[in-house]
Structure formats: C-alpha cells, structure tokens
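Protein chains in written order, with my numbering: chain A, 1 to 249; chain B, 250 to 510.
Hints listed in this document are in silico derivations from the structure and should not be mistaken for laboratory results. Treat the hints with caution; some may be incorrect.
[To be verified] Partial pick of chain A residues on the chain B-facing surface, computed with a CB cut under 10 Å:
no.: 1; residue: L20
no.: 2; residue: G33
no.: 3; residue: C34
no.: 4; residue: V82
no.: 5; residue: K84
no.: 6; residue: F88
no.: 7; residue: Q91
no.: 8; residue: S92
no.: 9; residue: S98
no.: 10; residue: S100
no.: 11; residue: Y137
no.: 12; residue: K139
no.: 13; residue: G153
no.: 14; residue: R156
no.: 15; residue: A159
no.: 16; residue: L166
Only a predicted model underlies this, so the values are computations on that prediction, with no experimental measurement involved. Every residue, glycine too, gets a C-beta built ideally from N, C-alpha and C.
Residue strings, one per chain:
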Amino acid sequence: MAAAEAAVRLEGVSKSFGALRVLDNVTMTVPEGCGFVILGRSGTGKSVTLRSIIGLVRPDEGRVFVGGRDITGLEGEALSNVRKQVGFLFQSAALFDSISVGENVAFPMRRHTKLSDAEIRQRATEKLASVGLGEDYEKMPGDLSGGMRKRAGLARALALDPSILLVDEPSAGLDPLTSDEIDELLLGLKHEHKTTLVVVTHNITSARKLGDRLVMLHEGRILAEGTVADLEASDDELVHAFMTSSHSG
Amino acid sequence: MLAAAADRTTSHLSSVGELALFAGKAAQQIFVPPYEFRETVRQLYELGLRSAPLIALSGLAVGVVLSMHTRASLERFGAESMIPAGLAMALVRETGPLTAALLLSGRIGAGIGAELGAMRVTEQIDALEASAVDAFRYLVVTRVIACVIALPLLTTIMNFAGILGGFFAETAATGMSLGLYFTRAFSLIEMSDYVPATLKTMVFGFIIATVSCFLGFTTTSGTEGVGRASTRAVVLSSILCIVANVVLVQMIFFVYPQAAG
C-alpha cells in the first residue's frame, strides 16, 4: 500500500534509548478507518511506536507518514498542524490536574479554534456527554475514578474531531466492565465517525474487539501481523500463547 | 571504580551542557512571539503575587534583626543616628536582593520543580505536545518571564518591608517618629544604589526559573524523581544565585563605580 493511501505508515523505524534498542526496523501500515491493534508484552516498544506516530518520539532511522505526509523531520507549526488531526488517549489519561474536567476538553478548542467561549463550553459539554460525563464539567480530575478519567481523556482527545485516534493501553488499571465500556466507546467512534484507531494493548479481549488488523511486537520487531484469525493460526509459539491467553487487564 | 567515577563525571558534565542549552533556548524564546499572555499573567500571579506575603513578612523580620544588630554596633561609636541610613543601605544594596532570591529559590524553585516534574511523570507534558501546544513555550517561557518580572518587584517589597521592620525596632528602642526615621533612612540612598542592585534580581529570576523548569522537565523515575527534582531545584538555584551575585556585584561596580563608594 502506498504511503498516500494509508492513515499512518511507518517505514523501517528504529529507535534506541542509550544502549537499549527499543524499535528495530519496524514497518507497518494502518489503513484509513481501520481498527489497528499493536500487541505485545511489556517493554517491547508498543508505546514508543505510538508516540513516534505523533512526533513525541523521534526515530533514529526510518520515516513516519501521517495522512500520506512525512512527519519525520517536522517541527513547530508544521508538526502542530499534523497533531491537530490526531487525537491521543494516554495510558494515565494525562488530564491537566490544575483545571476542571470540562476545561481539559475545552483546552484544545481554546488553543486552536476561533469559537466563542459559549460555543467552546457547549462543544466541550457535548464531548463529555458522548463519553457519559455530561454532568461533570466542573469536577476536577482528582475527583474522578480511573474509568471516568479515561473517558474524560477520550473526550479531550476527540475535542478537535481528529481523523486518527491513538490509544495507549485503554484498559490499563480498569476493571473488566469499565474496560468493556471504553472499548465500546472506541468501537462507536470507528463505526459512526470512521475514525482510524491505533490501539496499543496487551489485553487480548480488547484486541479481539477493536482490531481489524493486529501486529505483535517482540523485542522491537514485528513478530506477526494480520487479522485475529491470522494470529490465532500462527505457528509461532509466543504469538499462539499470547492470543490464547485469558489475561484481560 | 575509576570507570564509575568517569561515568559520573561525564553524566554531570552532560547535564550541565543540557542545562546551558535549555537556558539558552529559554533566553532566546523570551523575545520571540507569539507570547502566551494569559498563562504568563497566571504565572505572575502564582509565582509573584502569591510570594508577596512571604517576602513582606520575611523583610519585616530581617529589618528588625538588622536594626538590633546595627544598634549594638553603632552604639559603641555614639552613631545611633546613622542606624536608619545604614540599615536601608544594607538592605537595598545587598541584603534585600539576595535574601529575596534565596527565599524565592525555596518557594518558586520547589514549586516549579515539583509541578513540572509531576506533569512529566503523569504524561501531562506529552499531552500538551499531543494537543499541538509547544510545551516549552507554554510551561517554561511563561515561568521565566514571570520570574524575571516578579523578582525586582518582590525585592522592592522586601526592601521596604525591611526598612519598616527597622522602624518598628527603632521606635521601640528610642521612640523615633516615622517621619524622622524615613528621612534618615533615605538620606544616603541614591538611584545608583537601588537600580543596579534591584535589576540584578532579574538574573536571579532567570536562574531560578530556568534551573527549576529544567529539573522538572527532565524528571524521571516517578514520584521519587519528582521529590528529587524539587529538592535539586531549590539547592541548585540557591547556589547559582549566590555565585551569580558575586559576578553581578563585580559588574555593577565596574559599570557604576559610584555604587562601590
């Protein structure tokens, strides 16, 4: 698939931190509107892959394309323009704890749109309502449960209606029911808004639900790639063990 | 063992280099628009205005103690009438600026180090970047500008509070009137005493903000790292302010020879 046809494409991306090679010549293509899941054990480079898509981590080698545009060397305004098209739900939700939940969601709109205060507040409330937090605009992040924080983080990630949503460990620290609810919200986005999802997880239940295509990383390299069925049929012992594990959190 | 020492030295030198680059970037970006006006005003309130009570109270206490010590010394020479002028000169030229800088290294340095450190380990700085916001400009440049503006103002508050503290001590000891005290206090002070000494605190503000922001920005190792960043911010910015003061006083004497008189 050509770079221009993919929502996201990584070409031969490598990254080291000191002597530790975290990514080693990783190439992957995320088609538009796809639920793309990056699987793997802890410390295999999943989050670094996700961060490289939005320029939070710079590859030592290789190139990263977003919407067909090479973002590898972008900085300043050019990189900001790419980031406005991409939402990022962090593992810890990463809400700004000095402002209210509603203002967290309003923050990207205040920065990047010319909407009036009233319009921004209305849109932020709508975004919060879409994740079930319509009544929680004035609450502070510290007053929310883990699941609510994740929902609020999702609402903030969607503030600018991104075409691509990057999600880092959506079920981390959540009970199975709350984790299911987050997965359903993400599925709704994919189906109703045709949002491209790139999800990093080691939760196989989430991966099955969200993944149209999956890649499995191991020691910084792609060990397997394909649909859920493809990975389940893999001869590789590690891939097989991972796909048939019952771990869900 | 030798290799470990060499590694530590290399690591320290590398950190010094990174801090210098960080400070250079901050100094350059202060003058490059667009400015984060709202956030800068918020930081001026948080770092400046909210430090005013600490500075004013400390200034009062320093003034009382300085007056008591000065009285004990000058009484021997029968020069008690010089107490207000001597105290005001000491405060305006050196004690006020440096004491304010050290107090603010504690309050502001610890605050910035802990706040940015916590933001780093909870991915809030990454979240800013992911929201297409230049985190350096939003978090660092705003704090540097706020500190550079706030330090001279807070130093002036410290000076006046100290002089007022001296009055309380004097009036308690001798019953001196407010009018006479202030006339005597300002009888020897000239603009060349006040302006250079107060403006040098802009450098202290730059040091406190950049050192604390750097340590907060580069925090690792979770909450333990946040505590370490906060402590180091206080220690390093205090030391650098004291060392910078030596150089700045020399420079002031060179540029304003009358200030050395």
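Status of the hints after comparison with the structure:
1. L20: Violated - the Cβ of L20 (chain A) stays beyond 10 Å from chain B, reaching only about 14 Å at its closest.
2. G33: At about 21 Å, which exceeds the 10 Å cut-off, the nearest Cβ of chain B leaves the hint on G33 (chain A) violated.
3. C34: violated (21 Å)
4. V82: holds (8 Å)
5. K84: This hint holds: K84 (chain A) lies near chain B, its Cβ roughly 5 Å from the closest one there, short of 10 Å.
6. F88: With a minimum Cβ separation of about 4 Å from chain B (threshold 10 Å), the hint on F88 (chain A) holds.
7. Q91: holds (7 Å)
8. S92: holds (6 Å)
9. S98: Status holds, d = 8 Å.
10. S100: violated (15 Å)
11. Y137: violated (18 Å)
12. K139: violated (17 Å)
13. G153: This hint holds: G153 (chain A) lies near chain B, its Cβ roughly 8 Å from the closest one there, short of 10 Å.
14. R156: holds (8 Å)
15. A159: holds (8 Å)
16. L166: Holds, about 8 Å.
Checked against the numbered hints listed earlier, the structure breaks hints 1, 2, 3, 10, 11, 12; every other hint is satisfied.
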